[in-house]
Structures are given as structure tokens and as C-alpha cells.
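Chemist: Residue numbers (our numbering), protein chains in the order written: chain L, 196 to 531; chain C, 543 to 782.
Just so you know, the hints here were simulated from the structure itself, not pulled from any lab data.
These numbers were taken from a predicted model, which means no experiment stands behind them.
Treat the hints loosely; a few may be bogus.
Here are the simulated lysine to any residue pairs, SDA-like style, with alpha carbons at most 25 Å apart [stated by the list, open to error]:
| id | chain 1 | residue 1 | chain 2 | residue 2 |
| --- | --- | --- | --- | --- |
| 1 | C | Lys-662 | L | Phe-380 |
| 2 | C | Lys-662 | L | Ala-217 |
| 3 | C | Lys-662 | L | Asp-390 |
| 4 | C | Lys-662 | L | Arg-377 |
| 5 | C | Lys-662 | L | Leu-362 |
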Amino acid sequence: MMSKHTLPAGARVALIAAVAAAPLLSDNQYLLSVAVITLLYAYLALSWNILGGIAGQLSLGHAAYFGLGAYTSTWLFVHLGLSPWLGMWAGAAVAVAASVVVGLSCLQLRGAYFALATIATAMVIKTLVENADSLLGGPRGMEVTLLRDAPLYFQHTRKEFYYAVALAFVCAAWFVNRQILRSRFGYYLAALRNDQEAALALGVPTTRYKLLAAMLSAGLTALGGTFYAQFVLYISPDKVLGPNLGVVIAVVCIIGGRGTLWGPVVGALLLLPGEELARTLSGGLVGVDMMLYGLLLMLVIRWEPRGLMAIFARWRERGRPAGAGAATVRAAEGSQ
Amino acid sequence: MTTLLEFRGVGKSFGGLRASDDVSFTVGEREIVGLIGPNGAGKTTLFAMASGFLPVSDGQIWFGGRRVDGLGAAQICAAGLVRTFQIVKPFGEMTVLENAMIGAFLRHARRDDAMEAAMKVLRRVGLGGREHQVARTLTLSGRKRLEVAKALATEPRLLLLDEVMAGLTSVETAEMVALVLDLRRTGISVLVIEHNMKAVMQLSDRIVVVHHGRKIAEGAPNAVANDPEVVKAYLGEAHA
Numbered sequence: 196m197m198s199k200h201t202l203p204a205g206a207r208v209a210l211i212a213a214v215a216a217a218p219l220l221s222d223n224q225y226l227l228s229v230a231v232i233t234l235l236y237a238y239l240a241l242s243w244n245i246l247g248g249i250a251g252q253l254s255l256g257h258a259a260y261f262g263l264g265a266y267t268s269t270w271l272f273v274h275l276g277l278s279p280w281l282g283m284w285a286g287a288a289v290a291v292a293a294s295v296v297v298g299l300s301c302l303q304l305r306g307a308y309f310a311l312a313t314i315a316t317a318m319v320i321k322t323l324v325e326n327a328d329s330l331l332g333g334p335r336g337m338e339v340t341l342l343r344d345a346p347l348y349f350q351h352t353r354k355e356f357y358y359a360v361a362l363a364f365v366c367a368a369w370f371v372n373r374q375i376l377r378s379r380f381g382y383y384l385a386a387l388r389n390d391q392e393a394a395l396a397l398g399v400p401t402t403r404y405k406l407l408a409a410m411l412s413a414g415l416t417a418l419g420g421t422f423y424a425q426f427v428l429y430i431s432p433d434k435v436l437g438p439n440l441g442v443v444i445a446v447v448c449i450i451g452g453r454g455t456l457w458g459p460v461v462g463a464l465l466l467l468p469g470e471e472l473a474r475t476l477s478g479g480l481v482g483v484d485m486m487l488y489g490l491l492l493m494l495v496i497r498w499e500p501r502g503l504m505a506i507f508a509r510w511r512e513r514g515r516p517a518g519a520g521a522a523t524v525r526a527a528e529g530s531q
Numbered sequence: 543m544t545t546l547l548e549f550r551g552v553g554k555s556f557g558g559l560r561a562s563d564d565v566s567f568t569v570g571e572r573e574i575v576g577l578i579g580p581n582g583a584g585k586t587t588l589f590a591m592a593s594g595f596l597p598v599s600d601g602q603i604w605f606g607g608r609r610v611d612g613l614g615a616a617q618i619c620a621a622g623l624v625r626t627f628q629i630v631k632p633f634g635e636m637t638v639l640e641n642a643m644i645g646a647f648l649r650h651a652r653r654d655d656a657m658e659a660a661m662k663v664l665r666r667v668g669l670g671g672r673e674h675q676v677a678r679t680l681t682l683s684g685r686k687r688l689e690v691a692k693a694l695a696t697e698p699r700l701l702l703l704d705e706v707m708a709g710l711t712s713v714e715t716a717e718m719v720a721l722v723l724d725l726r727r728t729g730i731s732v733l734v735i736e737h738n739m740k741a742v743m744q745l746s747d748r749i750v751v752v753h754h755g756r757k758i759a760e761g762a763p764n765a766v767a768n769d770p771e772v773v774k775a776y777l778g779e780a781h782a
């Protein structure tokens, strides 16, 4: 859980700030919107990381929480005029409630069965929304009422606005992850991920902790759903509740390094611009993004199931004399 | 001596198989009790029931004046009864220190406090200096020690040790015996399942023998070793 850095803390912060601010220098709205989507996925992967990474419960149905967040805040805005800044908390509350229902029924399941149950749940919610014609627009979806430059209503014609908000979201989610990893909560989640029975034997109420992780993860994911709705100004079951979305959120985190602090961010920085590039190069070939994800996932799982962060850690250790840290390298190599 | 743990007519059925049948015995404060019996006698089943991993089919289990059968494993651990596993269960990806911290977090919510408590326990079981090693890479002896360290870090009143000496060399076994005796000096009671007769005779104040799920003998180590029922259970009819 602890990592050693080669750069001093001040230099690291300056570097990260510079990279984060760079897209704002460009006036190219297309590049900015790629950057916004990249940050959104970094945020979603960080949210997923709490349940899927740190606690090790492979959820492939996080699209459900994303969609619930998007639909709740959008409905409250369109029909009641409530600002999405407030509506997003209602969305989070709905998602947390849903995660409790899903959690109580599915978290007893282990491994692949849990993953299947999360996919099934997401499909049920998608079908429900698709059939809610009069309330939620059914398969056609909902348009967010256009107010143009209304930052108090989470809207703006400039992409810079969304970029700044997305950056704040990422920072907040990163901070939440960091606090978890440094607390008893995070240690307990890591323990039950490693061996649930052993954790129980040491007094860890595993079901309660998994449920807490699921609630936090779902709530954060729902806030991302609201952000998406306000950024794109249109939501539909296919876009915000589709099975692809749930898989991509998980894959971004897994490729980056599940259970690590930077893995979700690294995964998004690599994959989302990569996806955009693949789409451009292939001339808009349908499904090329999913093919890219599939390929990368196979590569990572073949060579380093613990993701890019583990590969970076290995590179760093290679350059050092064998010492106390050498155990980590051997462990990483032995895990293949 | 005050009673800490008590089995009262405890039974366990798995379908038609009677894994435990009407077993009653106690473990007192600061007592070391050995639980022995041939393979398949139902020793680990008794551990699993006492620690909340298996529900009892009949009877009751009391710990510290409170009925604990029916409570969850985590609650029983919080009450001060902790077990180890015969097939050790380290948190493989985590370091030795982090493993012990999981136990220590039960009584120390803050990370720094848990770390400090875990370090003390690791030194006590002879894993000092190995704090940052990844648990998966430990030797068998190291893993057995870690299994004890994790349990000890929960600061229990009673420790259930399930074959922590199996597979150890004679030197390592002697160290483990010394460790268990040292635990008792600090007020911890121990119920130990062990196949190593020499070690269990050396350690135990009292020995309980189970065979085919039933208790067949109980008493001081020497008396039990010479009990004809026990000899028969271990060596067969001809030797009794």
C-alpha cells in the first residue's frame, strides 16, 4: 500500500499541476472535450476502484449507478427546475440506496458470480428506464433544458468550465481513495480482498465493509452520471446505462492497476485518448474502441494482472540494488 | 480457576455424518489445553464452531460468561476468542506488517497505533526484521508464525491454535512451544490442536482426546497418554 517515489514531493505536485493545466492553454474545443471525457473516466475509475479495486469485488454493472445519477438529476432539473448541483446529491442518494439493495442480495456471491449479478442488475435497471416512456422518455432518452452559460445550473458553452469541474471531481475522488487506503477501512477492504475467511477470523465484519465500499463507490459514480448529463446535455439508456459503459469503467481501472491510488488515473490517461485516436485512425469504424479495450485487457492480464502500476513498480525496482524492496519484485514476478 | 471457554454437549452433523457428538469440556483462565485425536476426529470442527465459522447442531458454547454459539465470527473475535487456520491464510499480497495490522486494527482504530501494536507482536513471534516482506514469500515456518502474529494482534483472551507446529523442524517447534508458554505468562489462555505429541505433552496443563467426534478421555498429559481408550484410538485394538 505504501509506495516510494523518486521525485521529491514538491516537484511531483508541480509536474501534476502543469500536466493538468496544459489542456486549458489550447483553444481547441475538440481536444478539450477529449480531455474532459478522459478526466470523467479517471473519476469513474477512481470511484469503481473503491469496490472493484481496493475491496476486490469485480462489479461490471457500475453503469447502473452512473445512469441513476444522470437520470435523477436530469429529471429533477427538467421537471422541477432544481439545479443539477443539488440534484446530483439526490442522484447519489438514489444510487446508494440501489447499491444497498444490490449489495445485500449479491455481495454474498463470490468472484465471477458477483460480476454476473452486477451485470444482470444493470440490465434490469436499463430495461426499467427504457420502459418508463412518459416519466423518463423511454429509449429516446431525455434532453437537458438548455440554459447556455449558466454555471449555477451546471451548464456552460465553454468546455473550460467542464474541464475545471472534471478536474475538481478527479481530485476529490483521488483524495477519497487516498484517505481510504490510509485508514482502517482500506486495510480491512484489502484484507477481505486477499482472504475473506482470514479477515473474518480477525474480527473484520466483511459483509458490512463490502457494503460500505459499494455504497461509497455507487454514490461517487452517480455524481459522474450527473456530470455527463450536463456535459453532453442529452442522456439515453444506451449511453448512460449500457453494458459497454460498465465494462469500460472496470477495464480502465484494471489496466491502470486495481486497488492502487494512481492506477485508475493512469488507466484513463492511456485509454481514453487511445480510444479517440483509434476511432480517428480507423475512420470511425464501429466498435473499434471496444476492440482496443479487449486487446489491452488481454495483454495486461497476460503479463501483469495487477496492471500498469505494478509494471512501473517493477521498472523502478530493477534499477535498485536488491534490498528490503526486492521482496515486492519477486512477489510481482512470482504472481504470473 | 475460572472457566473461560465451555463446550456444553456440542454436536455437529454434516448430513448423515456426525462430526462432533455431545462434546463437553472447558478451558480456564491462563490454562493451556491440548486437543488431540486421530485424523478426522472432529478437532477442527470444534474450533470452527467455537470461532463462529460453523453453526452448532446441538449444545451450547459459552465464552467469558456469554453464550457465543450463533454469533458471527467477527463478533466472537471482538469478544476475545481468536483462531488460527490449519492451512495458514496469510493476506498474500500484503506485507508481514500489514498482515499483523489487520489483527491490530480490532483494538487500535488509528493506523499509527495499529502499526505500533503490530510491530510489537511481530517481534514477539520472531518476525522482527521481516516487516516489509510480502507475506506470500515467507517460508512455511514464517507463515506459521505470521498466522499466530495476526491472531495475537487482536489481543485475545483465548487463542485457538490449529496445528501451528505441523511441518516445522524440531528447532522451530521448540521455539513455537516457548512462544506459547510465554503467551500464558501474559495472561492468554490457549487451546491447541496438535499432532506433535512431544510438543503437546510439554505444553498442555490438560489434554482432551476426541475420536470419531466424541470425547474419549480428558486429564493430565501423563494420565491421558496411558489411558487404554486413547491408546486404542491411536494404535488400534491389538495394542490396548
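Chemist: So if I understand the rule, the pair passes when the alpha-carbon distance is 25 Å or less; does Lys-662(C) with Phe-380(L) pass?
Modeler: Holds. Lys-662(C) to Phe-380(L) sits at ~22 Å (cutoff 25 Å).
Chemist: Check whether the Cα positions of Lys-662(C) and Leu-362(L) lie no farther apart than 25 Å.
Modeler: violated (43 Å)
Chemist: Holds or violated: Lys-662(C) with Ala-217(L), Cα cutoff 25 Å?
Modeler: The given pair, whose Cα atoms are some 48 Å apart, is violated under the 25 Å limit.
Chemist: Need the status of pair Lys-662(C), Arg-377(L): alpha-carbon distance at most 25 Å?
Modeler: Between Lys-662(C) and Arg-377(L) the Cα gap is close to 20 Å, so the pair holds against 25 Å.
Chemist: With a cut-off of 25 Å on the C-alpha distance, tell me whether Lys-662(C) and Asp-390(L) pass.
Modeler: Between Lys-662(C) and Asp-390(L) the Cα gap is close to 24 Å, so the pair holds against 25 Å.
Violated hints for the displayed structure, listed by number in ascending order: 2, 5.
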